[in-house]
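Participant: Let chain A serve as the given structure and place chain B on it in line with the hints.
Here are the chains, one letter per residue:
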Amino acid sequence: MFDNGSAPATMGKGKLSFERVVLTLVMLAVAAGMFVPFIWMVLSSFKPYQEILSLKPTLWPQGFTVGNYTTLTSELPFLRYFLNSAGVSSVVTLVILFTSSLCGYVFAKFDFAYKELFFMTIISSMMVPFAVVVLPLYFLIARLGMLDSYLGLVIPFMVNAFGIFLMRQFMEGVPGDLVDAGRVDGAGEMWIYWRIMLPLSLNALSALGVFVFLWSWNSLWWPFMIISKSELRTLPLGIATLAWEYATRVDLVITGATIGVVPILILFALMTRTIVRGVALTGMK
Amino acid sequence: MATIEDSHGSQTRDRIGNGLLSRLRIPRNAFPWLVLTPVLIYYFVFLIYPILYAIWVSLHLWIIEDPSASQFVLFRNYSDLLLPTSRFLDAFRNTLVYVFVRTVALVPLGLLTALLLYQFRRTQRFYLFCVFAPIVCPSAAIAVLWKWLYHPRFGPINAQLAEIGVPRQGFITVADQALYSVVAVDIWQHIGFGAVIFLAGLMSIPEQLLEAARIDGANRWQLFWRITLPLLSHTTLFVTVITLIGSFQVFDLILVMTSGGPGYATYVLSYLIYNEGILRTDMGAASAISLVMFVIIMIFTVIQFRLLRPRWEY
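Just so you know, the protein sequences line up as chains A and B, in that order.
Taking the numbering used here, the leading residue of the first sequence gets 1, the next gets one more, and so forth.
Taking the numbering used here, the leading residue of the second sequence gets 1001, the next gets one more, and so forth.
Don't read these hints as lab results, they were simulated from the structure.
Quick caveat, the model's predicted, so the values are computed rather than measured.
20 Å max Cα-Cα, derived SDA-like pairs, lysine to any residue:
| hint | chain 1 | residue 1 | chain 2 | residue 2 |
| --- | --- | --- | --- | --- |
| 1 | A | Lys229 | B | Ile1278 |
| 2 | A | Lys115 | A | Thr99 |
| 3 | A | Lys115 | B | Val1039 |
| 4 | A | Lys56 | A | Ile39 |
| 5 | A | Lys115 | A | Glu172 |
| 6 | A | Lys115 | B | Tyr1043 |
| 7 | A | Lys229 | A | Glu75 |
| 8 | A | Lys229 | A | Ser149 |
| 9 | A | Lys115 | B | Pro1027 |
| 10 | A | Lys229 | A | Arg80 |
| 11 | A | Lys56 | B | Pro1152 |
| 12 | A | Lys115 | B | Leu1040 |
| 13 | A | Lys56 | A | Leu43 |
| 14 | A | Lys115 | A | Gln169 |
| 15 | A | Lys56 | B | Gly1165 |
| 16 | A | Lys115 | B | Ile1048 |
| 17 | A | Lys56 | B | Arg1153 |
| 18 | A | Lys115 | A | Ser125 |
| 19 | A | Lys229 | A | Met146 |
| 20 | A | Lys56 | B | Gly1155 |
Next up, chain A with everything else stripped away, as it sits in the complex (with noise of 0.2 Å):
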């Protein structure tokens, strides 16, 4: 999917007809408008206050100044944030994969009593709808001390169901010689997990990751139910914060969303193809 090798043979090479050019003009038009915005906000967070106020917008900076970064970070911790964002993050995805694989594994190669009844109960609870449990969760968490902490923004979130689909889907796929040779051979389960299973599960495992980091990176909801001290934002959470707690200075807003857009697009640039497909193929956000 999405490889440039599999696309249409409808377009002829170097033909440079009317048509072509106005199906660029029209994709270079939609393209614009989707980036737009982004370009203004990048070069808005380089304008002064009152730049930014004017009342007939500029769209390069007129007194180009870093000035904006520098006030945020010392009325924020912003640089706490977006480590917070990075290390919950990773874990959540580390965690997951781990989770998701090993109970695919055990899903896609073993029999056992009521296996199909497990599998069910586990997929059903993708129809569950985060807003139905947030506030149980919220009231469980707080009973487990868990409230402004790390371990409360990852606890919730170390299975995923559709994870565990997935890895399902994808390692029934794997020979199952491949397994019982090494079950001839002598290997335990958990490296037969390890050696064979994963090494040949990594393009569903990088789709899958690429899903679980982003959703988490970019999730408000749990971290703005649970965390109340500063130092313990997330990216998403400092974001929300400072379009509250500072709505006047636009400069600073403007800033911090740049800081929370440009890192996870710059991550989208140097890999297109996989965040793409990771997106597509999970389906879901």
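Facilitator: Same frame as chain A, but now just chain B:
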């Protein structure tokens, strides 16, 4: 993968070696249970228990400070949702409008964008990047960005409108525009999602099929309506249902852009759940709303399960 290629007997045994993984001897029959027991316990604690708890709470006049003193009232929390003092009907109507507009816009826009992307080969990756970029960004940042683009006085959109002689608009600051202004941002952010799935669907249509129809004298309009679209019907249904389910769950954009306001103009169910449960600490009402929402979403999810994994290839 050398270990697998030459997996006859002793050679592999040598490679299995004596590492931690091979010393960890788990009997085969026990392995599934060893893996699944903690997972199932986890599921019970962090998913099933919260749902049961929500059902239980929704049947009570819940007192947060002293749950044991809560009074059992059966369905009163549910029937109270229909009282004029409750914001449920407002939020419900707003949610329906939001879901309807978002779905009706996103499905055709996704398809159109996919058809456009399909025309490009060498530059497709670049366009894909632009179209998909808003999706990978945090909604909190998108909300903040658009809040400013929409600004009634200083926002660039109003500046552009002024240029062409249109009076300044209030957008998210006035009640009759707020909901549509938020849903417009949501649509803008998520066009790429449908586009990518439709694009995958388009690419899986065999070229010979289109070629054959072309030879038979079909024009492009006919090709699209008679061949491409019918072949994409499954994909279309899939995108529609996924979009519907996603639309019900909007929270981040509302929270950051409007906090439900102005007035109650952008209260949606998820925001009402938060508002009733946390700000007003009326857990009974909040749980009842959650469960109503659960039932609605479940209906669509069942449909989605029927369609799960359309025939687009990975």
